[in-house]
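Trainee: Now for the letters of each chain:
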Amino acid sequence: HGEAVNGLNADMIYRYSRHLLLPDFGVEGQTNLAKSSILVVGAGGLGSPILLYLASCGVGCLGIVDDDIVELNNLHRQIIHPEAFVGHPKVKSAAASCREINSSIKLVVHNEALKGSNALDIVSKYDIVVDATDNLPSRYMISDCCVVLDKPLISGAALGMEGQLTVYHYKGGPCYRCLFPIPPPTAACQRCSDSGVLGVVPGVVGCLQALEAIKVASGIGETLSGRMLLFDALSSRIRIVNIRGRSLQCVTCGPNAIFTRQMFQAFDYEGFTQSSMSDKARPELHL
Amino acid sequence: HGEAVNGLNADMIYRYSRHLLLPDFGVEGQTNLAKSSILVVGAGGLGSPILLYLASCGVGCLGIVDDDIVELNNLHRQIIHPEAFVGHPKVKSAAASCREINSSIKLVVHNEALKGSNALDIVSKYDIVVDATDNLPSRYMISDCCVVLDKPLISGAALGMEGQLTVYHYKGGPCYRCLFPIPPPTAACQRCSDSGVLGVVPGVVGCLQALEAIKVASGIGETLSGRMLLFDALSSRIRIVNIRGRSLQCVTCGPNAIFTRQMFQAFDYEGFTQSSMSDKARPELHL
Amino acid sequence: MVGGGGLDLLCNGVKIHHVDVPHKDQNRLEMRDLLAWVQSNLIKERPEMFIKEDSVRPGVLVLVNDCDWELCGGLGAELEEKDVVVFISTLHGG
Amino acid sequence: MVGGGGLDLLCNGVKIHHVDVPHKDQNRLEMRDLLAWVQSNLIKERPEMFIKEDSVRPGVLVLVNDCDWELCGGLGAELEEKDVVVFISTLHGG
Ligand SMILES: [Zn+2]
Ligand SMILES: [Zn+2]
Chain A
9 HGEAVNGLNA DMIYRYSRHL LLPDFGVEGQ TNLAKSSILV VGAGGLGSPI
59 LLYLASCGVG CLGIVDDDIV ELNNLHRQII HPEAFVGHPK VKSAAASCRE
109 INSSIKLVVH NEALKGSNAL DIVSKYDIVV DATDNLPSRY MISDCCVVLD
159 KPLISGAALG MEGQLTVYHY KGGPCYRCLF PIPPPTAACQ RCSDSGVLGV
209 VPGVVGCLQA LEAIKVASGI GETLSGRMLL FDALSSRIRI VNIRGRSLQC
259 VTCGPNAIFT RQMFQAFDYE GFTQSSMSDK ARPELHL
Chain B
9 HGEAVNGLNA DMIYRYSRHL LLPDFGVEGQ TNLAKSSILV VGAGGLGSPI
59 LLYLASCGVG CLGIVDDDIV ELNNLHRQII HPEAFVGHPK VKSAAASCRE
109 INSSIKLVVH NEALKGSNAL DIVSKYDIVV DATDNLPSRY MISDCCVVLD
159 KPLISGAALG MEGQLTVYHY KGGPCYRCLF PIPPPTAACQ RCSDSGVLGV
209 VPGVVGCLQA LEAIKVASGI GETLSGRMLL FDALSSRIRI VNIRGRSLQC
259 VTCGPNAIFT RQMFQAFDYE GFTQSSMSDK ARPELHL
Chain C
57 MVGGGGLDLL CNGVKIHHVD VPHKDQNRLE MRDLLAWVQS NLIKERPEMF
107 IKEDSVRPGV LVLVNDCDWE LCGGLGAELE EKDVVVFIST LHGG
Chain D
57 MVGGGGLDLL CNGVKIHHVD VPHKDQNRLE MRDLLAWVQS NLIKERPEMF
107 IKEDSVRPGV LVLVNDCDWE LCGGLGAELE EKDVVVFIST LHGG
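Chains as they are written, first to last, in the numbering used here: chain A, 9 to 295; chain B, 9 to 295; chain C, 57 to 150; chain D, 57 to 150.
Derived by calculation from the structure, the hints in this document are not laboratory data. C-beta: ideal position from N, C-alpha, C; glycine also. Hints should not be assumed to be uniformly reliable.
Unchecked claim - Selected chain D positions facing chain B (in silico; Cβ < 7 angstroms): (1) Ala92; (2) Trp93; (3) Ser96; (4) Leu119; (5) Asp122; (6) Glu126; (7) Leu127; (8) Gly129; (9) Gly132; (10) Glu134; (11) Leu147; (12) Gly149; (13) Gly150.
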């Protein structure tokens with residue numbers, strides 16, 4: 009082998025040989041992956057498999073942003089965090105696990121919550137964003153930020169025994185606000201910490217998010233842009249449905265939208281959704 | 009909280025609280041999980057997410073059987089193995105990772121290949137078997153063994169950009185031989201080591217296998233028995249189809265079958281499939 | 057008719073309903089008629105979790121034969137025998 | 057018509073084919089007729105990877121409208137306009 013072929017050195021050719029053998033992926037797919045940078049927002053239930061698979065597959069630069077601390081009651085689903093990291097920042101724990109399985113990629117940790125004031129700065133350093141958060145205001149904020157900075161967004165969610173995912177703002181497709189111009193009533197916004205979640209459900213959704221991110225980064229295949237995957241774990245049913253395109257009325261991405269960086273930074277996402285980005289006050293479970 | 013409720017102690021109630029909150033799962037589901045034992049055959053691409061999610065979710069006893077050694081070119085998809093374990097047995101590496109995320113479950117390693125001569129012995133110690141192997145003779149052998157010992161089998165496969173999974177020999181459903189009484193020609197039996205596989209594809213399939221195993225173990229929901237899930241990663245299409253029931257002509261599970269333990273141990277699976285269980289001679293990739 | 061993402065809780069946990077909706081005009085049943093019928097016949101509690109004004113509440117996706125109803129006419133979408141309508145509440149957890 | 061699990065390689069990598077199969081008897085097209093037509097019109101190479109004797113080779117599942125063809129008559133299953141037939145080669149990798 010010897011020197012670098014298409015930017016892949018001999019170690020990479022050996023490590024990723026099962027990717028290079030794929031007619032639909034091959035050297036070009038792997039080279040594109042190696043050149044790409046992906047930001048994963050949230051190192052929890054969805055973030056765990058997303059980060060492990062993006063690290064192992066050879067993404068050039070992987071960013072992790074989260075301000076949460078590992079807790080023992082996360083570990084039933086957040087497979088990236090060892091017990092030894094309980095009480096420590098999730099980004100540190102996640103980065104350590106990623107580094108153990110692939111020391112050859114660049115890892116960047118942002119040990120803070122992603123919010124209007126820092127999002128433009130952080131997101132602008134990456135090519136692709138993966139939304140692995142657990143709350144509604146963050147979902148609007150991340151989508152708006154991706155529109156403002158023109159980044160594709162891989163969005164997934166899981167709760168109870170159900171999961172959903174799609175790709176926003178990619179190749180002319182809709183953004184989150186095109187689908188949901190008005191936020192739902194607060195009563196409809198359950199969280200895993202309130203309502204529970206079967207641990208492997210974010211596992212399935214997160215793996216599918218990693219797949220979509222890999223397809224966008226490598227430029228292969230057909231993504232879920234314009235489609236949404238609906239997963240019901242209890243009955244093992246999956247429905248992939250066609251969703252509306254970009255909305256002419258969308259205040260963020262529509263043809264008449266004037267959503268600037270300044271407006272983004274000033275927008276009150278928690279007020280807009282009547283819901284909190286942070287999840288600090290958790291209920292106790294009594295049996 | 010205090011003492012054990014339904015066999016769940018205070019640590020478990022805290023650790024698994026997001027499961028206990030689920031109306032469809034709850035204390036009963038978690039208690040059933042804690043009482044169950046699951047054998048995962050293969051600690052590779054499929055086995056990695058299966059083992060991590062089964063360990064984290066609180067299965068009482070988790071068995072791992074494999075005789076393979078961790079290689080660097082496994083790591084693009086086998087997210088359970090750290091680089092530090094390259095050159096070491098996969099079962100040791102996998103068990104170490106499982107122990108790090110959940111030290112409260114029982115882990116049993118079988119550092120050997122599962123074959124006719126040891127399968128009855130090993131499989132009889134578990135309630136549920138998960139097939140995460142990479143070759144055809146093992147698939148027939150594991151299915152026959154599960155029929156002979158009357159164990160449900162969660163079977164998954166991944167190759168290239170595609171995956172498949174179903175549940176065999178469960179609640180009157182078919183076994184592997186009911187669907188495939190005659191093995192395919194050898195030319196149709198590609199392996200990941202020959203044909204490549206996109207790393208996250210076994211990730212998706214493995215997570216779905218873990219989900220099916222959790223549903224069987226906890227007694228909740230509707231499994232894929234009688235159905236097969238077909239996954240095309242390149243186009244993000246998933247099809248869940250109805251498959252035939254138990255075959256009246258099946259030589260293993262049919263009403264007139266006389267497939268005894270002795271016949272199982274004497275059966276030549278490699279001769280039957282004209283294919284090898286082991287994967288030691290691997291082709292080199294030249295670019 | 058299928059509900060997901062928490063909406064099933066509003067109908068006693070039953071997710072799939074096979075319904076036969078009576079309609080005045082023999083030739084035409086629209087989504088607005090189905091919504092009105094669902095609201096008066098299926099929703100057991102908290103109708104505000106499903107309906108707002110004359111449509112579904114924000115955050116609910118309506119799918120007719122696996123297609124967003126926005127692509128086939130919204131409230132005015134015409135329904136036929138055997139059409140599958142799915143109401144999905146979007147999830148935000150992770 | 058859709059092929060998966062390696063079968064697509066036999067048809068120049070094209071996975072989905074919309075086909076209009078001519079049939080003698082105006083009223084009836086069976087799976088055996090479709091197989092014969094596919095073999096002579098679509099398979100570009102190595103027919104033994106698809107056909108064995110008068111049926112599909114071992115290891116191929118045939119699905120008619122998302123149902124195993126064994127559940128709807130096998131070679132004698134009757135096909136209608138717009139039916140979706142899928143040929144899936146089983147995978148063994150992991
Ligand atoms: Zn928009
Ligand atoms: Zn059988």
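Trainee: All hints, please: hold or fail.
Mentor: Hint check results:
1. Ala92: Ala92(D) check fails; min Cβ-Cβ to chain B is 20 angstroms, beyond 7 angstroms.
2. Trp93: For Trp93(D), the interface hint is violated, since the closest Cβ of chain B sits about 22 angstroms away, which is over 7 angstroms.
3. Ser96: violated (21 angstroms)
4. Leu119: holds (5 angstroms)
5. Asp122: Cβ of Asp122(D) sits 5 angstroms from chain B, so the hint holds.
6. Glu126: holds (4 angstroms)
7. Leu127: holds (6 angstroms)
8. Gly129: This hint is violated: Gly129(D) lies away from chain B, its Cβ roughly 12 angstroms from the closest one there, beyond 7 angstroms.
9. Gly132: With a closest approach of 15 angstroms, the Gly132(D) hint is violated.
10. Glu134: This interface hint is violated because 18 angstroms lies over the 7 angstroms limit.
11. Leu147: holds (4 angstroms)
12. Gly149: holds (4 angstroms)
13. Gly150: Given a least distance of 4 angstroms, the restraint on Gly150(D) holds.
This entry does not satisfy hints 1, 2, 3, 8, 9, 10, going by the numbered hints stated previously.
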